[in-house]
Structures are given as structure tokens and as C-alpha cells.
Amino acid sequence: MNRPIRNLAIGCLVLFLALLINVTYLQYWQADSLTSLSKHPDNRRVLDAAYSRPRGAILVKGKQIADSVKSHDDYKYQRVYPQGRQYAQISGFFSRDWGLGGIEATQNSILSGDDSKLFVNRVIDLLGNQDPRGGSVSLTIDPKAQKAAYDGLKALGANVRGAVVALQPSTGKVLAMVSSPTYDPNRLASHDFVAVNQAHKDLLANPLQPLNNRAIETVLPPGSTFKLVTAAAALESGKYQPDTMVPGGASLDLPQTTKNLVNEGGGSCGGDKITLTRALQVSCNVSFGSVGLKVGADAIRQQAEKFGFGQRYFDDLDDSLTRQAPSRFPDNPDAPQTALSAIGQFDVAATPLQMAMVAAGIANNGTVMKPYLVDQLRSNDLEVIEQGGPNGKGPEALTEDAISAATARNLTDMMVAVVDNGTATNAQIPGVQVAGKTGTAQSAADRPPYAWFVSFAPADSPSVAVAVLVENAGVDRGEISGNGLAAPIAKAVMEAVLNP
Amino acid sequence: MSATRSGARTGQPKAGPLMEFVHRRRRGAELFLLVLSLCVGLGAYAAVGLGVDGEVPADIMAYGTWLAVLVVAAHVAIRLRAAYADPIILPIVSALNGLGLAMIYRIHLAQPDRTPTARTQLVWMTLGVLLFVGVLVALRDHRRLQAFTYTSGLSSIVLLLLPLVPGIGLQVHGARIWVHLGSLSFQPGEISKVLLVVAFAGYLVLHRDALALAGRRVLFVDLPRGRDLGPILAMWLVSLAILVFQNDLGSSLLFFGIFLVMLYVATERPGWLVVGAGLFLAGAYLSFLFVGHVTERVHVWLDPFGDAKGYQVVQGLYGMAWGGLTGRGLGQGSPQITPFGYSDFIGSSLGEELGLTGLMAVVALYGILVERGLRTALICRDNFGKLVAAGLAVVFALQVFVVLGGVTKLIPLTGLTTPFLSYGGSSLVANWVIVALLLRVSDQARRPPPELSSTPEDMEATQVVRLR
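If you're matching them up, the sequences are chains Z and A in order.
The opening position of the first sequence corresponds to residue 1 in the numbering used here, with each subsequent residue numbered one higher.
The opening position of the second sequence corresponds to residue 1 in the numbering used here, with each subsequent residue numbered one higher.
It is worth saying that the hints were derived from the structure and are not from the lab.
Warning: the hint list may mix true and false statements.
Unchecked claim - No more than 20 Å apart at the CA atoms, straight line, and that leaves these computed lysine to aspartate or glutamate pairs for DMTMM-like:
#: 1; chain 1: Z; residue 1: K39; chain 2: A; residue 2: D307
#: 2; chain 1: A; residue 1: K309; chain 2: Z; residue 2: E386
#: 3; chain 1: Z; residue 1: K70; chain 2: Z; residue 2: D125
#: 4; chain 1: Z; residue 1: K370; chain 2: Z; residue 2: E383
#: 5; chain 1: Z; residue 1: K70; chain 2: A; residue 2: D307
#: 6; chain 1: Z; residue 1: K76; chain 2: A; residue 2: D53
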């Protein structure tokens, strides 16, 4: 019987070898993938561990907008957001069961301390027998501008849907980004998981979608603010100068249809022929409809794309829940559609961020900078380990010379005229030249129009460009206008940047 | 054996080298290894306390003394009653048991109510060691068991059927393998495991010649004769019945596996393995098709992450991945997340806290244990002892493979205990009895043959008898 017993021993050896190989595969080769939250977001061990670790802070001008403080429960640390509602769309949230959002998600590896850039610090923590601590992320946000934007939207009502984006034209730094309605990330980061569940459910069920970052996720017809793009295309074409006379009557006969394009309010724009500057000043639909027809849809689309339409260029908030929506200009509009598109109606749609970039491009002598939110990455002892910027190498241009410097100057002058004695008088700041453009976009007959405003200041050396969108302010239809609702908010944000 | 045989055949007066070789007792080495194994068990216990509460458990002295007394008692019993027994088996068992106790203690420290389950398990271990000593004292020669072939066969069947008896049978977590008597509950299947090995061995020793007759030859393998298929078919049906009526995939697999392996060892016919593998595949496929929980297990095995029922397996995998190469350290992982991390999934708990390194060490310990068992079978002088030792060693091998393989997603998950590690009294006690039997066979095998008639004349006389 010894031969079978020997064979049996070999058989058992094979079984045990199979066990050893399999467990090696599992605990060595597969371990990284199984403990990666992106592949297995339900791995509670990893979540709990991340949850129990002191996480780096998110900083705005040296002040924490997200921080980890010691807590006296199983998880050791509690994530807190001191100005939660104001920064919710930027900071995002840190929840155990519902994932991460915003900067918490996109900069997770730095904040958690897992990033390879923090390797040296990790070793030092290990040697010093300290808990590994995460690095911190400082943002480009100007806290005063952010507060002005937040307060401005809040003043319109808690449930107003809208967004504000402010950029530094020369760099693309995001100075303010607010979306309304907002939410309190503290409620999602709480260790009371039953309450967190309820809060998360409420947020998802809310028809106003507070988790949405309207500044980058919502595309809506930009209305008359799009006339800036049409004007830019016209000036760039060489066929137009600011004083070129354009039709300014009460209506424009749309070719191939029986319909006419009319002005807001129905009247004429001050004469059958007016200058292009005057047309922008009074936001004349008839003028820009006809300019659009003359320049052609292709030229306008190309101009729009130079400003960033059709692209995704902002990934600082690109997490699993949020993604920048590309703005769009219709592909093959016929003549009447082209006329409507030229005034920002029909199928033109843009995010507030995109419209802020149009203003910023004009303000920056025609060069459109890529927007970015992360200014610096720091180790836990606040040493800078990486500069921010779209590729971690500081500011970067999206399009060099989207318009020529001359066109930029002309457009600036035209926009100054809009604020000084046109449709945007509410944006005037004493002692500062402001360039701006209003917009009031119709989306559907039964829905109230959207109020838009884009602007920058000071006109001669711009340091801030703003776009404001108010989707639904709960005021009478007649009172909805870019100048009435949106311009005051833009003014407050610009003032906050200009008078620190 | 072959050495003796050839020595006899050539008529040489000198015995073969195997007969000449005298095993040393090595009891001192066993004691030394036992002290090491106690260090493992107690060190783990202390580490758990340090990891969870930041301090060595307050009862470590009492606990340590208790464990040491048990281990030393087993050692003394061996010294007095089985002086030639294999010196490595007991230390391995002691290390595994100590590690298991520490892990059970660790998981229950993580539970909110902190039920002292480690203490319960220590009581079961005490009972196990008492039975161990009892077997060594009462059973002076394992061959006496051969007389109980049919008794143990019958009682093992009765024990297997007990959980199906209404009133005392109990269905726990899907499997109807529990018997409830008053406040005491146990799994009779664990005991019948031991009895079955004895019964198989006794039966096969008697019938091995008939069962070894060759039938049709297919592809270099002699298949058994059709008329000899009765026993294996019966065993196959019993295993399927356990699966269907008790929902116990693990035991079903184990019983059929033991029988098949012992049949192969007894007959030396690989043909039986072919027949057995065919029956196994047929049974496996049939139960995959018609037995609901088997279908479910297979689906979970194929895609644990996509199957809601895969929660336990997935948590086990997460735990082991979280442990990585060196583990989180005792008391510093989260093995309590995995359901039954102290019993069926204790392997994944060990993997999480001791890492790949620790789990490999545990698998290696089992490997050595099985090897010592098979070695005992090899050197044993009588066929019954050979079969018993091989059967018992294979019980451990199959059980470890099936459980750890299931936990690590090598094969579909089946509910079996991890010998000596898992929480559960019946299994622990039964395994201590198995070890006692192994040591008893080992003692017989390694003991120098009695100096009865080793003179040349006697050998020649034997020769004459043999030739006639």
C-alpha cells in the first residue's frame, strides 16, 4: 500500500501548493486592486482606514475650508467644513458610504497622504512614529469674491437656481465659484451614518439638485451675452469695425421663413442703421441677427471654439459625480437658425464658466487661459510640493490669440459703453471702468427666461472677469433681466477683488 | 514493507534496512517544540490585547497557565502511553489551536457585547485534550479498533442522521447538521468523520483483494469490475443525501473524498480514482443543476463582486488584500467585518492580520501535519493502521483545502471548519481525537519490533512455512 500513500502525499502537496499560490496571488498581486477605492468603492476597510486618518486641509488664502479635527469615537478624526454651504461645490464632501466629491475627490491622494509625492513625508512620519498625515491643497479662490458671489445669490432667495464664476483673466485662476442651491457637506461627512444616509437621500431627491455644480455642469442658452462672441467673429472677419453701420430696425426678416426676428421689448434699436458699438450697447437682436447671417455660422462656431466651446478644459473638479459639460454651438444651422444662434438662442448652450472665459479672453488681450482651481499642493508641514495649474506647471493658455489684441481692445471699449450708458448700468463701480454685457435668454415659452451677465474690470488692466447666471429667481417674468438680477452680483464680486 | 518482503524472499537472515532502523523517541524535542508553540499561542493572545485595547489582556497569566497545563498534560500522556509517537504532530496542533484561540478572542473583542467565546473555546479544547488523553490511555493498540468496523460504521450513520430527527435536529445558517440536547448543541458529523475512517479502514482491509481485481482496461488504467462498484456507489449516494437533506456541501465532499482515497490506498488501483472522479463530476454537475444552494455557491464563486450573495466572500477577499504581505498586525485589522470571521472565515481573518506570511505559515503547518500523518501510514506495519493513518491525514488535507480554497476563491465555498483554528466545539474535540489516533498508530509504527524470534533459525523456519 505504500505506492498509493506516496502518490497521495504528492497529491496533497499539489493541493497545498495550489492554496499557497492562490493566496499569494490574492494577497500580493491582487491586493492593490482589491484595496483601491476606485475599483472597489465598497471596501469598508479602506474607507474606514481613510476615515480614521488625519486628512490634509483644503485651504483658501491660508484658511481651512475643509479640515480634520480629532473626534472621540471609533474614527478618531472628523472632517469639518467651517463654511460648508459657501464652498460646498468646490470642497465637495468626504463621506464614508457615499464616496467623495469635489476637491476631496480629485485631490484625494494628496489629502489622504497616499500620493507618491508625499513619499518622503510618509517615511518621516513612520520613523517619528506618527500617524501618517495627508498633505494640504490650497485653492486659487479669493475668499472675499467667493463670499460676495455666495451672498449675492443667497440674497435672491434660498432656492434660487444660479451660478457665479470669477476668473483672473491673465492666469485662468478661479477666484470664485458658487452654485445655488447649495448644501452642507458637514451633513455628509458626519459619523452618524443613519443621519448621513438620510441627508444623502434628501439631496438626491431634491428637484433643485443641490449636488449639481451649475457653474460647470449646466449648459443653458447664453442669450445676449453670446453677442460678444458674434461681435468678436465680426471684428475678426475684417468686414466690421466698431463704427460699422449695421441694421437696427424693429425687425429682421428671417430668410426661408415667414417669421421675423424682433428686439427685446419689440421696439427699434434707435434707427434703421446703427453702429456695431451701439448695437451691443442696447443689445440689439436685429443687428446681431443680421451680422450673424453676414459672418456665417462657421465663423461664429470657430470663434466660439477658440473661446473654449466644445471642449473640456477644467478637470480640477472632475470626480465620479461631477464633470464639466462642454458648451456648444449648433453644427449645421440653416439661415434662420444662424441668425438665432448669433444672439445666443436656438441650440447655443454654455456653462457660466465658459461665459466667464469669453469675458476673460477679451480682458486678457485675446488670449484665453485654461481655468484652474488648485493653486498649490503642500506637504503636511506646509512645504510646497507642487504648483497648481492645469498640468501642475502653473498657468497655461487654452488658445493664444483667440482674438487679436486690436479686436480685444475694440470689444473692451464696446463693453465699457454697455456698462456706462447701455443695458448694464447696474454694474457700474465708482472710479473704475467696467466692461460688461447682459443677457436674457428664452429657453421655452412657458419657462421664465434666464438672466446672464458677464463682465470684467478694470477695463484698462483687468484683474477679474465674472459670469453670473440666474436661472430662476422667483420674481415676475417682466423683472427678469441680466441688468436687474445678475449685474449687481457681478459688481459685488468685482468690487471684492478690486478693493481687498 | 517492500524491504522486508524482499529480504524474506532471498532468504537472507538479516532483516531489511527498515526493520533495522530504530526510531528514537524524541520526547525532549517535542517538549521544546511545545514550548515554542505555547509562545506562538500566548504571544498572539497578548498581541491581540495590545492591538485592540492597548494593553496585555488582564487574564493572560491564568489563560497561559491553563493552556500550558493542557499542552503539558497531552505531552505527559504521550510520554507515558505512546513514547515512540511522532514528536512533531502535537506541537503543530498546539500552535494551531493557540493561534485559533487568539483569533477567536480577537474577533470577539471587536464585537460590541464582547461575549467571552474564546473562553468557551478553551473549555472545548480542555474537553478535547481530555479525550485525547483518554484515547491514548484506553486504546493501547489501534488494531483493536478493527473489531469495531461495523459498529463504528453503523454509529456514524446514526450520528449523521441525528440532525434530521425532528425535535433534536437543528438547522443553523442553512445547514441541518446540528443536534440540540438541552443546552448542549454539537455537530455529530464531526464525530462520524472519525468513525467513518475507522469503518472504512476495517472494511477495506478485509475486502481489498476483491476490490483490487481488474476489470476492463481503458487508456493504461485498469478499471474496477462492474460488480465491485456497489460500495462506492453506496458511498456516493450517502454523500449526495447529505448534500440534499442536510444542505452540507462540505461534509458531503469530505466523506466521499475520504472513502475514495482510502479505497485507492487499499487496492492500489488508480482505476478507482477514475471511477470516483467520474462519480464526483456527475454528482457535482447534478447538484449544480438541481440543488439550489450549490448553484448559488458556484455563481458566487464565478463572480463574487457581481452577486449580492457574494458579500461574505468579497469581505473575506477584501480582508486578505487589506492584510497584504505582512498583515495589519493582530488586533489592528477589521476581520470582524467579514461574517463568521472566527469560524468558517478564520483563514481570511488570519490573512488580514498576519498577512500572506502568516497565512503561508499556517498552511505550511497543516502541510507538515498531513505529511507526518502520511509518513505514519508509510511506516506502519499493519494494513489497518496504514489505512487509518492515511485516512485521518487526508481528512485534514481535504478539510484545509476545501475551506481555505473556498475562502480564497480557489474553489466554490463550502461550509467546513478549519481544523483546530475555527470556533466550534464538536470540530475541535473530534480533531483532538483524530490526533490521538494518529499518535497511537504512529507509536505502534515507530516502536522497535519486539525481539521475539529474530534468530536465523527462526527466519528460516518462517521461510519454510511460507514456501509450503
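Hints, one by one, checked against the model:
1. K39(Z) - D307(A): holds, 16 Å
2. K309(A) - E386(Z): violated, 45 Å
3. K70(Z) - D125(Z): At roughly 18 Å apart (the allowed maximum being 20 Å), D125(Z) and K70(Z) satisfy the hint.
4. K370(Z) - E383(Z): Violated. K370(Z) to E383(Z) sits at ~26 Å, over the 20 Å cutoff.
5. K70(Z) - D307(A): Distance of about 38 Å is beyond 20 Å: violated.
6. K76(Z) - D53(A): holds, 15 Å
Hint violations for this structure: numbers 2, 4 and 5, all remaining hints satisfied.
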